[in-house]
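If you want the building blocks of each chain, they are given just below.
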Amino acid sequence: MMKTLLKVDEINTYIDQFHILQNVSFEVKTGEVTVLLGRNGAGKTTTLRTIMGLNSASSGSVVYKDEDITKQNTHHIARKGIGYVPEDQGIFADLTVGENMRVAMQKEDDATKERMDWVLNMFPDLKKFWNKAGGQLSGGQKQMLSIARAYINENDLLLIDEPSKGLAPIIVEKVMESIQEMKEKTTIVLVEQNFYMASSIGDSFYILDDGMTVHSGKMNELKDDEVLKKKYLGIA
Amino acid sequence: MDLIFSLTLNGLATGMLFFLLAAGLTLIFGLMDVLNFAHGGLFAWGAFTGVWIYGLSGNFFVGILGAIVAGLVLGAITEYLIIKPVYGNHIQQILITLGFMLVLTEMLKVVYGPNQRAAQPPEYLDGSFTIGDVTIIKYRLFIILMGIIIFALTSYVLKKTKIGLIVRAGVMNKEMVQALGINIRLIFLAVFMVGSAMAALGGFLFAPYSGVIYAEIGLDYGIFAFIVVVIGGMGSLSGSLMAALLVGLAQAYMQYYVPSLALAVNMLLMAAVLLFRPQGLFSVKGVSTK
Ligand SMILES: Nc1ncnc2c1ncn2[C@@H]1O[C@H](COP(=O)(O)OP(=O)(O)OP(=O)(O)O)[C@@H](O)[C@H]1O
Ligand SMILES: [Mg+2]
Chain A
1 MMKTLLKVDE
11 INTYIDQFHI
21 LQNVSFEVKT
31 GEVTVLLGRN
41 GAGKTTTLRT
51 IMGLNSASSG
61 SVVYKDEDIT
71 KQNTHHIARK
81 GIGYVPEDQG
91 IFADLTVGEN
101 MRVAMQKEDD
111 ATKERMDWVL
121 NMFPDLKKFW
131 NKAGGQLSGG
141 QKQMLSIARA
151 YINENDLLLI
161 DEPSKGLAPI
171 IVEKVMESIQ
181 EMKEKTTIVL
191 VEQNFYMASS
201 IGDSFYILDD
211 GMTVHSGKMN
221 ELKDDEVLKK
231 KYLGIA
Chain B
1 MDLIFSLTLN
11 GLATGMLFFL
21 LAAGLTLIFG
31 LMDVLNFAHG
41 GLFAWGAFTG
51 VWIYGLSGNF
61 FVGILGAIVA
71 GLVLGAITEY
81 LIIKPVYGNH
91 IQQILITLGF
101 MLVLTEMLKV
111 VYGPNQRAAQ
121 PPEYLDGSFT
131 IGDVTIIKYR
141 LFIILMGIII
151 FALTSYVLKK
161 TKIGLIVRAG
171 VMNKEMVQAL
181 GINIRLIFLA
191 VFMVGSAMAA
201 LGGFLFAPYS
211 GVIYAEIGLD
221 YGIFAFIVVV
231 IGGMGSLSGS
241 LMAALLVGLA
251 QAYMQYYVPS
261 LALAVNMLLM
271 AAVLLFRPQG
281 LFSVKGVSTK
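Taken in sequence, the protein lines are chains A and B.
Throughout the first sequence, residue numbering follows my numbering, covering 1 to 236 in sequence.
Throughout the second sequence, residue numbering follows my numbering, covering 1 to 290 in sequence.
Since the hints were derived computationally from the structure, they do not count as laboratory data.
The beta carbon of each residue, even a glycine, is placed where N, CA and C say it ideally should be.
Don't take every hint at face value.
[Unchecked claim] Examples of chain A residues lying across from chain B (beta carbon under 8 Å, computed):
1. Phe26
2. His75
3. Arg79
4. Ala93
5. Asp94
6. Val103
7. Ala104
8. Gln106
9. Arg149
The task is simple: from the sequences and hints, build the whole structure.
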């Protein structure tokens with residue numbers, strides 16, 4: 001039995017007066033890639049934001065490593081070892097690639113250097129464009145930079161929001177490959193609409209619909225469940 | 001020739017004082033999205049505290065230090081008591097900081113007395129020298145040099161140090177900075193304190209320049225800081241420098257040739273910028289510290 005690293009329990013999140021998340025619950029096992037699926041507007045991004053404390057849950061709890069982090073500040077949550085790759089990548093446009101990495105680095109020890117080597121090896125473009133402004137990178141390069149920034153710290157959990165969004169298929173392959181490799185070292189929550197990517201990397205899945213968790217299971221079961229895929233994901 | 005040179009030097013010196021006053025304001029707005037109408041109060045407090053400490057110690061540079069410390073302390077208090085409760089609400093910020101500006105001005109009279117005070121540069125910065133047929137007033141040159149030093153220092157910190165990079169990153173995307181594990185509240189506080197210290201330093205440097213200070217200088221000069229920030233672009237440090245020099249020069253020339261229009265011209269300049277280039281003359285795109 002694998003340990004639970006993150007447990008989201010019946011969270012409700014409002015944005016202004018809108019009740020966006022309604023009793024969303026899911027569990028993330030250590031070492032796994034848990035995929036959040038669901039159509040546009042289902043609440044996937046809001047779920048990740050609520051875990052990070054960027055939106056606040058009005059009820060329910062987020063428990064990470066047996067500690068309730070629901071009401072903590074975002075920077076505290078991040079320091080507990082959760083890395084976040086937002087949907088819009090959150091690149092600091094006027095800072096160079098190198099400066100983006102520097103802002104992200106919480107330590108400058110050997111372990112960080114090792115991860116930096118890994119990252120630059122995985123994404124040689126980052127090394128190539130080290131002194132280029134983040135805002136001038138291509139969509140794919142921005143995605144790589146955002147992933148690299150989240151990976152550079154000693155994080156045990158990465159929250160990655162739609163890394164394939166707007167990328168050419170060949171770049172999607174590259175990003176997938178990197179997540180496959182990171183999977184060896186950290187636990188990942190992946191929001192992904194690209195079912196091919198989701199199903200090749202994911203271990204288990206949760207489907208969100210209209211702000212509610214409506215289904216969950218093992219990824220390989222979902223692959224063959226045409227009815228479920230059609231109903232919630234619009235995949236024929 | 002001598003007149004043009006003298007007016008220009010005067011304008012640049014005035015501009016540098018405006019820059020010191022506006023630099024904090026623009027950073028505070030750019031990073032924290034806070035409209036701080038009490039900023040001029042720090043200018044006045046820096047002036048009175050610096051002059052007082054200069055008088056006690058007899059050392060002008062100790063006076064500078066005193067003004068800076070006063071700025072840091074008052075800045076911290078202002079952020080904690082006044083600004084913190086109204087983050088994210090511009091209307092409340094305007095009301096509470098305008099009110100606090102009056103409080104700062106009145107408190108100044110309580111602490112240092114209601115009278116105006118005379119101030120003089122130290123002997124080695126007093127008087128003038130001539131090169132060819134132009135006369136250079138030493139203290140004006142000194143202010144310009146101080147302005148350049150402060151600008152260079154601030155630019156260096158913003159461009160090269162980690163804390164500077166974090167501040168700039170915060171201007172661009174506050175949420176992401178926090179999601180990377182950085183306590184943006186502490187960064188806000190630090191920026192607020194430094195910005196306040198720059199205003200206080202500006203106030204103290206202003207004292208011997210004008211020769212006399214009074215409690216309302218904060219109100220009188222705070223308006224220029226806003227003009228400068230609007231013209232230079234909110235959040236842009238070099239934009240503020242350019243705009244401050246522009247406003248300072250316009251001020252100096254107008255005051256000599258058409259004194260009654262001096263303030264009006266700068267107001268018109270600001271109105272024109274707001275109409276035709278609301279992001280500011282020198283900012284590249286909206287908010288930038290380039
Ligand atoms: N700032 C906001 N103000 C109002 N409503 C919002 C806001 N942000 C999100 N919502 C709403 O919350 C719901 C969930 O949005 P969310 O971004 O979490 O969906 P998502 O599953 O990530 O969608 P997508 O696949 O398009 O990224 C949507 O109906 C959206 O319109
Ligand atoms: Mg989303």
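Structure-based check of all given hints:
no.	hint	result
1	Phe26	violated (20 Å)
2	His75	holds (5 Å)
3	Arg79	holds (5 Å)
4	Ala93	holds (6 Å)
5	Asp94	holds (6 Å)
6	Val103	holds (5 Å)
7	Ala104	holds (5 Å)
8	Gln106	holds (5 Å)
9	Arg149	holds (7 Å)
Hint 1 from the earlier list is the only one contradicted by this structure; the remaining hints agree with it.
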